[in-house]
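A.B. asks: Chain by chain, the residues:
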Amino acid sequence: MTTKTLTVRYFALFRERAGCDREQLAIEADTAGELFAVVARRHGLPHLTDAKVAVNDEMSNFDAVLSDGDTVLFFPPVSGG
Amino acid sequence: MFTVSHQALDLEALKAELPDPGAGACVTFEGWIRDTNYDKPVTALDYEVYEAMALKEGNRVMAEAAEKFDILAARCAHVTGHLEIGDCAVWVGVSAAHRDAAFLACRYIIDEIKKRLPIWKKEFFASGDTGWVNCEHGSQRASPAAPDARGTSSSTE
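Protein chains in written order, with numbering that gives the first Met the number 0: chain X, 0 to 80; chain F, 0 to 156.
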C-alpha cells in the first residue's frame, strides 16, 4: 500500500456520524473498500447493505483502485422519492 | 428533464411542459409525505440531495425512459429540504400518443429515481426519535427489507 492524499465526502447518516461532510486524509488505502474500512473504524460508521461509493462524482464500487488526489464519496442506502 | 427544487413544486407549471399535438395520454405521479412508516407516526421529513450527481443520474433516467418507451415528453422534479405531511416530494409526468407507453414510462422513471439517485430522507417521529430511511429505524439496525412497490419501507408512494 502507498500513502495517498484523498478527499472523503460523507452524506446523510454517514455525515452525521462522521461529524463532518468532508475531510482530507493522507492514508494507506489501495481501494475504496479499504478506505471505507479505515474511516468506518475511525468514525464509527455502520457497514450497511446497499451502501454505495462514488469516485470523482461517478458511481464506482468498493473494489475500485484509488489514485492520489481522488475524491471518494460514501453514500448510505438511498431513499429518494 | 430532471430537476431538484429547494421550494414547493409548482405542479401546474411542471404539467405545462408536457403537451404535444400528437399526445393522446398524460400520466402523472405525485409522491406525498405520509404520516406513518413501519407503523410509527411520522411528523415531518428532511430530504438531503447530492445535487451534482442526482442531476446527472436523474437526467440519465429520463433519457433511458425516452429510449425504452414510445413517449413524447417526460418531466421529473424532486424536492430537497424540510417537508411536512401531505407535501409533494417528487413529481413525474409523461405524455405519449397512447396510454400504455405513458403509464410504463412514468413507472420506470419513479422506480429508477428511487433506486439510483443520491437522495436520502430523515424521518422525524412523533415520539421525538429521528431516523434515516433504509439506514436505521429508531434503532441502529440496517433496514430489514428493501423498499418494495407498495412503499412499505418509505414514507412516500
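These are computed hints drawn from the structure, not numbers from a lab. All figures in this text were calculated on a predicted structure; none of them were measured in a lab. The C-beta atom is built at its ideal place from N, Cα and C for all residues, glycine as well. Do not take every clue at face value.
Stated by the list, open to error - Simulated restraints on C-beta separations:
#1 F:2 <-> X:57: 49 to 57 Å
#2 F:15 <-> X:33: 33 to 41 Å
#3 F:97 <-> X:23: 48 to 56 Å
#4 F:102 <-> X:58: 23 to 31 Å
#5 X:70 <-> F:83: 32 to 40 Å
#6 X:23 <-> F:35: 39 to 47 Å
#7 F:21 <-> X:0: 38 to 46 Å
#8 X:2 <-> F:123: 21 to 29 Å
A.B. asks: Determine for every hint whether it applies to the structure shown.
C.D. replies: Hint by hint, here is what the structure shows:
no. : hint                       : verdict
1   : F:2 <-> X:57: 49 to 57 Å   : violated, 21 Å
2   : F:15 <-> X:33: 33 to 41 Å  : violated, 50 Å
3   : F:97 <-> X:23: 48 to 56 Å  : holds, 54 Å
4   : F:102 <-> X:58: 23 to 31 Å : holds, 28 Å
5   : X:70 <-> F:83: 32 to 40 Å  : holds, 34 Å
6   : X:23 <-> F:35: 39 to 47 Å  : holds, 42 Å
7   : F:21 <-> X:0: 38 to 46 Å   : violated, 59 Å
8   : X:2 <-> F:123: 21 to 29 Å  : violated, 42 Å
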